[in-house]
Amino acid sequence: ETGVTQSPTHLIKTRGQQVTLRCSSQSGHNTVSWYQQALGQGPQFIFQYYREEENGRGNFPPRFSGLQFPNYSSELNVNALELDDSALYLCASSLGQGDGYTFGSGTRLTVV
Amino acid sequence: GNSVTQMEGPVTLSEEAFLTINCTYTATGYPSLFWYVQYPGEGLQLLLKATKADDKGSNKGFEATYRKETTSFHLEKGSVQVSDSAVYFCALSFDYTGNQFYFGTGTSLTVIP
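Quick mapping for you: the protein sequence lines, in order, are chains A and B. Under our numbering, the first residue of the first sequence carries the number 1, and numbering increases by one thereafter. Under our numbering, the first residue of the second sequence carries the number 1, and numbering increases by one thereafter.
Since the hints were derived computationally from the structure, they do not count as laboratory data. It cannot be assumed that every hint is accurate.
To be verified - Residues from chain A that face chain B, not an exhaustive set, calculated with beta carbons under 10 Å: (1) V4; (2) S7; (3) Q41; (4) F47; (5) Q48; (6) R57; (7) T102; (8) F103.
We put the beta carbon where it would ideally sit given N, CA and C, even for glycine.
Starting from the given sequences, assemble the full structure and let the hints guide the process.
This is the structure in structure tokens:
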């Protein structure tokens, strides 16, 4: 399987709820990063996982958490959703440090 | 800190016009520099990259040169096509464990026939 697949493509949640976004990386890609892209802005780094361990985190609160699984899929979980969490969430995977990243098409999350 | 500044958009050009999108960066070390492109409804695609000073990245007619003295990585194309219409992001990254990309805010390009 080639490419990075994210699901769902669109999602609407209510403030205070919890959400799980999913990413299926390219086979063999043991590094996955998640980014938040607000409307009209560049993507902001949330965190990175390497071989199922978090190994880098941006300036996001603990209510943003993640998991990476042995089959190269991963999840982004956001608790206690706020209106400002409305954004496009991008997953990017790589073979490892120093290699290029492949980005998915993203999940558009709207919090109302 | 680390950051990337891009020229404000949107940019509208006629087909076959010359394109320049300015990008400057601030970095605490020696980063690699990238241009990504985002077509409507799609994720980011790597357009080109340069890993050290004076390197020139090129792809699909686009070019950018890593200028350490001016901390710049301007994107150029000699003759744009309608299919080049997209949002272009300049970014920097360091090659270490847990590395992340620092993106600019993006520049929207529309090419009209």
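Do the hints match the structure? See the list:
no. : hint : in the structure
1   : V4   : holds (7 Å)
2   : S7   : violated (13 Å)
3   : Q41  : holds (6 Å)
4   : F47  : holds (9 Å)
5   : Q48  : holds (6 Å)
6   : R57  : holds (8 Å)
7   : T102 : holds (8 Å)
8   : F103 : holds (4 Å)
Hint 2 from the list above is the single one not met by this structure.
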